[in-house]
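Protein sequence lines correspond, in order, to chains A and B. Residue 91 in our numbering is what sits at position 91 of the first sequence, and the numbering runs on without skipping anything. Residue 522 in our numbering is what sits at position 522 of the second sequence, and the numbering runs on without skipping anything.
These aren't lab readings, by the way, just hints derived from the structure by calculation. Values in this document were obtained by computation on a predicted structure and should not be read as measured data. Be aware that a few hints might be false.
Unchecked claim - Here are some, though not all, of the chain A residues that point toward chain B, as calculated from beta-carbon distances under 10 Å:
| # | residue |
| --- | --- |
| 1 | 1 |
| 2 | 15 |
| 3 | 21 |
| 4 | 61 |
| 5 | 92 |
| 6 | 104 |
| 7 | 148 |
| 8 | 153 |
| 9 | 156 |
| 10 | 162 |
| 11 | 163 |
| 12 | 176 |
| 13 | 193 |
Glycine is no exception: its CB is placed at the ideal position from the N, C-alpha and C atoms.
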Amino acid sequence: MDLKETLRYLGYRGKDGDEQTLRLIRESWEELEQKAEKRACYREFPLKFQDKCIDMGCLQTKSRDLENHLEGCTRVVLFAATLGVQADNLIRRYSHLEMSRAVVIQAAAAAMLEEYCDQVNEEIRIEYEKKGLFLRSRFSPGYGDFPLSCQPALIGGLEAGKRIGIALTDSCLMLPTKSVTAVIGAGPVRQGSAGRCQGDGAGGCGACSKTDCLYRRKRI
Amino acid sequence: MNITIMEEIGRRKVFCDGGMGSLLQARGLKAGELPETWNLLRPEIIREIHGAYLDAGCDIVTTNTFGANRLKYPEGGAFALKDIVKAAVENARRAVEKAGRGFVALDLGPTGKLLKPLGDLDFDDACNIYGEVVRAGSEAGADLVLIETMSDGYEAKAAILATKENCDLPVFATMIFDGKGKLLTGGNVESTVALLEGLGVDALGINCGLGPVQMKGILKEILACASIPVMVNPNAGLPRSENGTTVYDIDEDRFADVMEEIGQMGANVLGGCCGTTPGHIRKLIERCRNQIQILPGEKNRTVVSSYTHGVLIDRDPVIIGERINPTGKSRFKQALREHNLEYILQEAVAQQDNGAHVLDVNVGLPEIDEPRMMEEVVKELQSIIDLPLQIDTSDMAAMERAMRVYNGKPLINSVNGKKESMEAVFPLVKRYGGVVVALTLDEEGIPDTAQGRVQIAKKIYDTAARYGIKAKDILIDGLCLTVSSDSKGALTTLETLRRVRDELEGKTILGVSNISFGLPQREIVNGAFFTMALANGLNAAIINPNSQVMMKAYYSFRALADLDSQCGDYIQVYGGAPKAEGPLAQSVPGGGKGAGEDGMGLGDCIRRGLKEKAHQAVEALLEQREALEIINEEMIPALDAVGKGFEQGTVFLPQLLMSAEAAKAAFDVIKERMSQKGQTRKKKGTIILATVKGDIHDIGKNIVKVLLENYSYEVVDLGKDVAPERIVKEAVKGQVPLVGLSALMTTTVPSMEETIKQLRKEAPWAKVMVGGAVLTEEYARTIGADRYCRDAMASVNYAESVMGGVS
């Protein structure tokens, strides 16, 4: 159970939770562990840079932040993971019955999904390092100037719809809502660390302009 | 065509083709290019692929229409959907003509959208999307419709209904299961087979997702419950990516080996999916061609289902919760009139927690629009409860609307032996699927004898059979009349139960509580009669699962009748500390246990977020003080203190909400007390809340709602993905002074801006507050909002400043 992340998503900003909240968090993790159906898929694609355009086989885009992030990479692993529809069902159910629990489950689900992404990411890292390739951290549509409009091509290239059940709304939001897609660069030189984006550098919170965000991750 | 596809399946193993997408890619289809366009652009290639499969020996070629639907080919686009579908069928038809044999299956894949409530596609829209393709495909001359790669039973239901409503062709449906035998949306084999058979498909099965090896276990499960032909179309194996291309873990020979086993296990129609080629299909057919075809026999399983699971109605009795019914419940009637679905949902959850397997849903009140209310309640219930529902109404329009939108195979309550009733209900059961409760009464009334009731049961079975409804989908209700007016009433009912079981081999159901009308302490009689009925073979009981007496009878009967292995369930329920007599406590999730013996004041209870204690504390206070005084002197100060703490960063969101919930529990008590005295708590005003069009993240909006309600605002919650026009309409209709909008993503802020623009024009008096992850003070100003609320308390403060003065 990733208590610290759950508290961060609940806006605790590094403070400790009180007894009642901690109990809710424990119960929420237990219920999620029971109900959530974690699924992930990934697929490797060739990577080319052509006049500011990043070509990842199934997906072409312009994004300076992503281009910086993928510097020195020779290919990419497209990645998607989800907690499945049951996590959304739980949040919806408690939004009707007990809002405090809905809020905690939603935070716990976010933390659980990140943790799960890290696990799968670690498997990919080991697989690739055997081939002499080193992974960059995950970079998702919506980070910096990497547009959300890339989602259809990314999901399509992964066949994430039928493989793990991720669908998109017309406005490119993912369903189930507790889902992640990401681009993971791979190259012959080790640079940064694989896994989730940390609070600085090009990725994640570091690429975000909303500096007063309640949830902003601070580099420790 | 001389022989139909169903006749072929009755005589021998029938074979489908294999993958299409990978073959098109090999012939130059680019990533991102829509495969269906090749029906028009490269018809010779499509025909060649169909021809190659027919050469390999397959019987069914599937048209290249997997993604052909209005969502991917919108009106006014480069390709007309109808032309694509027509060309696809023609391409397959030509290949069949050239080969001199074969059937053309119009292929329907998933829409690519998730249906509501999981996603943003309306069920009726999904039906229309499929209907359009089916019309085009059947007109162009398809022989059958193959609905495939469905990971959501609800979407499959939309496709099947659309097919049956737009053509008379045979319908086959195959679903995509994961290695554990579950659909991506949560259904299992039992619930899926019940749903598909209920909807009247001609063959069902599994495709894609897995290789043949992983499908064997799921096939075994399917064969154990299916009564119609079974199809298996696996991928070429489990895929992995090698240098950017997909390769499979087994080869053609291994694929054929396993398919041979699958044929022997009992699959009736075999083929392939992703990664399979004419080579795979040729080898598969060589191995299976001479296998003996044995169709699955009738399994006689009476099953109703929700979107997650099936409930088998058999020897092990099924509890149907009766509480969602306004009869004799003034609070329930009030809730229906006020459109208070929350109250109904609470009733549902309490019954589920107390052990109900199915929930009866009756929302009949003379003064409400029952069809509309029924549809709405069924949709709401199935979005938060995973139990199958029993649709209980005598309004045929309400019954049909509910059956149509129901996500599974429902119980239907009820039909009876009257001609008129059977003529109204049976066509609906045939069309939408379901298990129907059949009351043993007819034009002559209720027979006094078991013999008379058994006769009516026979008549009902016979009539149902003429509509194509099987006996397994009927539950006979032997009716129980009140024993205080007819001393033989109970014995007649019990005899009917036995005789339906023994003579008709039928399944039975009873509304048990009727027996005790007019008697004191009715539960005593109900409990005893329930046990007697169970001992006489009752399969399903409509009871109050919140009654301990009834549940005790249920659990002890199961233990005594060898239905509860090692008394495990009995011990689990009753093995702990002895429970108090009387009705089970209604579950109040999250509330602290125990009485307020520590003398904690109401304000403390609220500050600390203790729901049950707040409930008790306010009851005690109401003995001494006036309601308004309690609200103003105890509750409001406590809520204010928590709100201040939240703003200062000493109280956090979960605590803020727990306090709000404790306050709400106390308000509910006060409200009830006031309404007994004919008083009401004045609202400060109405606020509309909505998550804007295109956005489906509504948790923030829901938080705001909980808090505003505690501060005495009437909240009109329009939900998520709400069109600007709808918000404007509500604002104008109610002359609403304040509208709150939420949007999570940058992509949906434009629709927030549009909403504000329209509000300014049509409802210039309305103030607009906005919130959501990507918004900032400045961003909010740019899109024209009156106030940016960074959190839930900020929205309360703004509401207070706009209209808090009114009281």
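Regarding the hint that residue 193/A lies at the interface with chain B, is the smallest CB-CB distance below 10 Å?
Nearest chain B Cβ about 23 Å off; hint violated.
Against chain B, is residue 92/A within 10 Å by beta-carbon distance?
Check passed: Cβ of residue 92/A comes within 6 Å of chain B, closer than 10 Å.
Given residue 163/A as an interface hint, is the shortest Cβ-Cβ distance to chain B below 10 Å?
holds (7 Å)
For the hint on residue 148/A, just tell me whether its beta-carbon gets within less than 10 Å of chain B.
Holds, because the Cβ-Cβ distance from residue 148/A to chain B comes to roughly 5 Å (cut-off 10 Å).
Closest C-beta approach of residue 104/A to chain B relative to 10 Å, hint status
holds (5 Å)
Does residue 61/A meet its interface restraint, that is, does its C-beta lie within less than 10 Å of any C-beta in chain B?
violated (12 Å)
Given residue 156/A was flagged as interface, is its beta-carbon under 10 Å from a beta-carbon of chain B?
Since the shortest Cβ distance to chain B is 7 Å, the answer is holds.
Quick check on residue 21/A please, does its C-beta sit within 10 Å of some C-beta on chain B?
Holds - the Cβ of residue 21/A comes within 10 Å of chain B, reaching about 5 Å at its closest.
May I ask you to test the interface hint for residue 176/A with respect to chain B, counting a Cβ-Cβ separation under 10 Å as satisfied?
With a closest approach of 7 Å, the residue 176/A hint holds.
May I ask you to test the interface hint for residue 153/A with respect to chain B, counting a Cβ-Cβ separation under 10 Å as satisfied?
holds (6 Å)
Quick one, is the residue 1/A hint okay against chain B at 10 Å, beta carbons?
violated (16 Å)
Interface hint outcome for residue 162/A [beta carbon to chain B under 10 Å]:
Nearest chain B Cβ about 6 Å off; hint holds.
Going down the numbered hints, you'll see the structure goes against 1, 4 and 13, while the others check out.
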